[in-house]
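**Student:** The primary structure of each chain is shown beneath.
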Amino acid sequence: MTTTTETTADTTATATVLKADGVTMRFGGLTAVRDVSLTVRSGEIVGLIGPNGAGKTTFFNCLTGLYVPTEGRVAYKGTTLPPKPHLVTQAGIARTFQNIRLFANMTVLENVLVGRHTRTKEGLWSALLRGPGFRRAEEASRARAMELLEFTGLAEKADHLARNLPYGEQRKLEIARALASEPGLLLLDEPTAGMNPQETRATEELVFAIRDKGIAVLVIEHDMRFIFNLCDRVAVLVQGQKLVEGTPDVVQADERVIAAYIGSPMEDSPEDEALAEVQAAEAAAGAADTQEDAK
Amino acid sequence: MTTIIEPTEPAVAATPARGLLPLPTGLAKALVPAGGLITVVSAFLPWTWTSEFAGDLTVYGYPAGLQTLAIVAGVLALAYGLGEHGVPGLRWTNPGKSPNALFLAALTVFAVTWYTGIAITVELGGLVNLEPGGFIAMAGGLIGVVGALGLPQPADNEATGLAAYVAKPAHVPDAELPGAWIQRLILTAAVALGLVVFTYGIGIDPAESETFIGFVLLVAIGAWTLNTSGLLARYSRLSAGHRGFATTMAFVAAVIFPFTQSDDHNANLGVNILIFATVALGLNIVVGLTGLLDLGYVAFLGVGAYAAALVSGSEFSRFSGVHVPFWGAALIGMGASLVFGVLIGAPTLRLRGDYLAIVTLGFGEIFRIAVNNMDGSSGPDITNGPDGITNVPDLKLFGFDFAQAHEIGPFTIGRFANYFFLMLLFTAIVVLVFTRAADSRIGRSWVAIREDETAATAMGINGFRVKLVAFALGATLAGLAGTVYAHETYGVVPNPYQFAGAAPPNSAFLLAAVVLGGMGTVGGPLLGASLLYLIPEKLGFLKEYELLAFGVALILLMRFRPEGIISDSRKKLEFRATGQMDVPDQTTLEPATGVAKAGG
Numbered sequence: 001m002t003t004t005t006e007t008t009a010d011t012t013a014t015a016t017v018l019k020a021d022g023v024t025m026r027f028g029g030l031t032a033v034r035d036v037s038l039t040v041r042s043g044e045i046v047g048l049i050g051p052n053g054a055g056k057t058t059f060f061n062c063l064t065g066l067y068v069p070t071e072g073r074v075a076y077k078g079t080t081l082p083p084k085p086h087l088v089t090q091a092g093i094a095r096t097f098q099n100i101r102l103f104a105n106m107t108v109l110e111n112v113l114v115g116r117h118t119r120t121k122e123g124l125w126s127a128l129l130r131g132p133g134f135r136r137a138e139e140a141s142r143a144r145a146m147e148l149l150e151f152t153g154l155a156e157k158a159d160h161l162a163r164n165l166p167y168g169e170q171r172k173l174e175i176a177r178a179l180a181s182e183p184g185l186l187l188l189d190e191p192t193a194g195m196n197p198q199e200t201r202a203t204e205e206l207v208f209a210i211r212d213k214g215i216a217v218l219v220i221e222h223d224m225r226f227i228f229n230l231c232d233r234v235a236v237l238v239q240g241q242k243l244v245e246g247t248p249d250v251v252q253a254d255e256r257v258i259a260a261y262i263g264s265p266m267e268d269s270p271e272d273e274a275l276a277e278v279q280a281a282e283a284a285a286g287a288a289d290t291q292e293d294a295k
Numbered sequence: 001m002t003t004i005i006e007p008t009e010p011a012v013a014a015t016p017a018r019g020l021l022p023l024p025t026g027l028a029k030a031l032v033p034a035g036g037l038i039t040v041v042s043a044f045l046p047w048t049w050t051s052e053f054a055g056d057l058t059v060y061g062y063p064a065g066l067q068t069l070a071i072v073a074g075v076l077a078l079a080y081g082l083g084e085h086g087v088p089g090l091r092w093t094n095p096g097k098s099p100n101a102l103f104l105a106a107l108t109v110f111a112v113t114w115y116t117g118i119a120i121t122v123e124l125g126g127l128v129n130l131e132p133g134g135f136i137a138m139a140g141g142l143i144g145v146v147g148a149l150g151l152p153q154p155a156d157n158e159a160t161g162l163a164a165y166v167a168k169p170a171h172v173p174d175a176e177l178p179g180a181w182i183q184r185l186i187l188t189a190a191v192a193l194g195l196v197v198f199t200y201g202i203g204i205d206p207a208e209s210e211t212f213i214g215f216v217l218l219v220a221i222g223a224w225t226l227n228t229s230g231l232l233a234r235y236s237r238l239s240a241g242h243r244g245f246a247t248t249m250a251f252v253a254a255v256i257f258p259f260t261q262s263d264d265h266n267a268n269l270g271v272n273i274l275i276f277a278t279v280a281l282g283l284n285i286v287v288g289l290t291g292l293l294d295l296g297y298v299a300f301l302g303v304g305a306y307a308a309a310l311v312s313g314s315e316f317s318r319f320s321g322v323h324v325p326f327w328g329a330a331l332i333g334m335g336a337s338l339v340f341g342v343l344i345g346a347p348t349l350r351l352r353g354d355y356l357a358i359v360t361l362g363f364g365e366i367f368r369i370a371v372n373n374m375d376g377s378s379g380p381d382i383t384n385g386p387d388g389i390t391n392v393p394d395l396k397l398f399g400f401d402f403a404q405a406h407e408i409g410p411f412t413i414g415r416f417a418n419y420f421f422l423m424l425l426f427t428a429i430v431v432l433v434f435t436r437a438a439d440s441r442i443g444r445s446w447v448a449i450r451e452d453e454t455a456a457t458a459m460g461i462n463g464f465r466v467k468l469v470a471f472a473l474g475a476t477l478a479g480l481a482g483t484v485y486a487h488e489t490y491g492v493v494p495n496p497y498q499f500a501g502a503a504p505p506n507s508a509f510l511l512a513a514v515v516l517g518g519m520g521t522v523g524g525p526l527l528g529a530s531l532l533y534l535i536p537e538k539l540g541f542l543k544e545y546e547l548l549a550f551g552v553a554l555i556l557l558m559r560f561r562p563e564g565i566i567s568d569s570r571k572k573l574e575f576r577a578t579g580q581m582d583v584p585d586q587t588t589l590e591p592a593t594g595v596a597k598a599g600g
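If you read the protein sequences in the order shown, they are chains A and B. Residue numbers are given in the UniProt record's numbering: position 49 of the first sequence equals residue 49, and the series is strictly consecutive. Residue numbers are given in the UniProt record's numbering: position 420 of the second sequence equals residue 420, and the series is strictly consecutive.
No lab work stands behind these hints: they were computed from the structure. Hints are not guaranteed to be accurate.
Taking beta-carbon pairs under 10 Å as the criterion, some of the chain B residues facing chain A (in silico) [unchecked claim]:
1. Ile-213
2. Arg-237
3. Arg-444
4. Val-447
5. Ala-448
6. Gly-460
7. Asn-462
8. Gly-463
It should be emphasised that the depicted structure is a prediction, and the values quoted were computed from it without experimental measurement. A virtual CB, placed ideally from N, CA and C, is assigned to each residue, including glycine.
Only chain A is shown next, with the shape it has when bound in the complex (with noise of 0.2 Å):
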């Protein structure tokens, strides 16, 4: 378990990478994130846990741009990011998808070069005219690709198509193509979720060298081991809200972490009422299933 004050000392360079400020994503009458405040150092491997439902894709599709906050601002390396996906990754925050979605139909390689797209500026003139500047840019996507390929472990399958690649191998991609763009934060959306223990090993494998790399993860994740191996500092989403931040011991000591997973009321707690109602819903659930056996 990597200890929170040595990386964060170790590290020369503490400065702020990303800083969300009182971040708040309503549906209508819904609120889906409220007030979240979340800072990433460089160097950093944070974790965001929580519930199913809890808002945590939600929070990041607020960071990346997919979504417009309600309120709050997000900030990458001090600057506020604007509201659209494709500036907020040439700024250099890139992202993967709790349901994979690569580019299904084209190759591995093609993928990774699609990642690419905003550290490379050859237009349709350049593309058309294919003059020297174009073969050389060409040629250097390709080579940083085939390296991102090697990284990951998926350079044999480059010319595969994504659609074809088993499941595992499918995030390791997303993974790839992400981080082929050059960005200074990545933003992990489950990226175990569907592995076996291996799988899950080996990502976590991966995760500790693209920190070495220099670029800080944000990590979302449902597999609790897998979390506090991992991360310097976890934050925990429950109802939208931040419940606690802090090193792994601290969230996995939090009673209302533990509350908030196992379900034990908490004292002077709203959620007394509603623990009870779904007591009920359950006991009224249980006759009915009764029944069906009965039948």
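Once you've looked at the hints, dock chain B against the given chain A.
**Tutor:** The following block gives chain B in isolation, referenced to the frame of chain A:
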């Protein structure tokens, strides 16, 4: 010989070494080339007694028309049959070693001969009109098919019954490549064969629809045979190694084409095919690469054509005193289409999917109606309304008068052939633009947008801008073709520029050419436009049912070959790949729907 066998399914199941028909393998093997040979011989006998049937299949005319086609089919079956017997020099015909190539070769003979026999019987009223030659030809066709059905299937063929006989072998072994010059010779020969086939098809008299149907049957099933035998796969591997050479040869063949035609009408067909194929290729950038369904694309052809006609010096033009040289007119046409493309694209490209299709459909119609009304009475006087701008003068480039026929050696190059050469140059430019754009940063971002727009924007692609570039580029290329079209057809009128109509150009025709030929490929739209233009042209009786036939053809295509005739390797895998990993359904991340969910 022809009636003794009945198909017995259980026999196949019990003895997998036997074919669908229980014939000794030796006999079955012998029947295929025998059938081919009989058909070839029969073509030198009269098939009917009267010259009333299309072509002249009588004792005076043979071998003609359908008989020639039967000879070709017979030779094909003979070659495959003898190749199966290991005759040296013919083994290369079937690199996949599949008996199905034999079956399809035999089926080619069967289709051509039986189609002819039935057509003669029906058209002239009775079997009595068939001369012995006709019967022999049909017998030859049947013998070949029966023999092929007696051939045992290899053990790895999973299909059963008749379907097993058309399945392509899973694996075609790689050939040892001959020397580079031999490879080029093979490519040249293949392109020459393509030219011969095309020239023969375009040269068929429209009054002889029967011959053209026979031609289509021969080419379609013949190509299927070559594909199943694995020859086409080998050919594409070969041409991939010599891409530049193969493309050059294709254009050389296209340049030769007008010299093979004594009739300028065929050159007219040729130039129209080129124009529509070029426009379809432009549409392929929008539809095939970027995945934007544009149902009003023909309007851009119209904009280019009208722009060129307006500055051509025609007396019906609003600016009749203005006569811009052609290179200027081409630039003006492209520029006008570009401007319209951006004007229409800028507001509409914010929409996705079906909404975009409907809006472009609307804009396409708006163009036609607006042009119809700008006649000075119901609108500003610009386009001369429904009468259009006619009497567009012929081009003169570098002292070369397009209106005149020119003598080059023993060949006469007529007016349409002149335009054919000009259009061929433009087609080459558009092909170059398409291939270069597709294989570049911008082309990849188009495909990325087609695959998943949300992910593409998350990768830093400015979706709107990239789509607008595709839309504008497609429009510009159509405008370029339009400038030639205005001159070649002596003028422009509003009516052809509609969504769907009996005669091209119309948006549905162009879209169908792209989809039928194969989306995202260069060859696809060229082939699709040729087929869709030639078939109605040659089958006069189809005129009234053209749209119906069109629809039926598209439905059949979507059922049996959704990737189009020429398949992009990507598309092919998309529609055909089996056993691939399950990719979760992709949902769009729109705040309004709030699909994105953190759970899992």
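**Student:** Look at each hint and say if it fits the structure.
**Tutor:** Outcome of the hint check:
1. Restraint check, B/Ile-213 versus chain A: the minimum CB separation of about 36 Å is more than 10 Å; hint violated.
2. With its C-beta approaching chain A no nearer than about 15 Å, B/Arg-237 sits outside the 10 Å limit, and its interface hint is violated.
3. Hint status for B/Arg-444 relative to chain A: holds, with the closest Cβ pair at about 5 Å, below 10 Å.
4. Here the hint on B/Val-447 is kept, as its CB sits about 6 Å from the closest CB of chain A, short of 10 Å.
5. The closest approach between the C-beta of B/Ala-448 and any C-beta of chain A is roughly 5 Å, which is under the 10 Å cut-off, so the hint is satisfied.
6. Interface restraint check for B/Gly-460: the shortest CB-CB distance to chain A comes to about 3 Å, inside 10 Å, so the restraint holds.
7. Below 10 Å, beta-carbon pairs count as interface contacts, and B/Asn-462 has one with chain A at about 5 Å; its hint therefore holds.
8. Proximity of B/Gly-463 to chain A holds as hinted, the smallest CB-CB distance being about 7 Å (cut-off 10 Å).
Violated hints for the displayed structure, listed by number in ascending order: 1 and 2.
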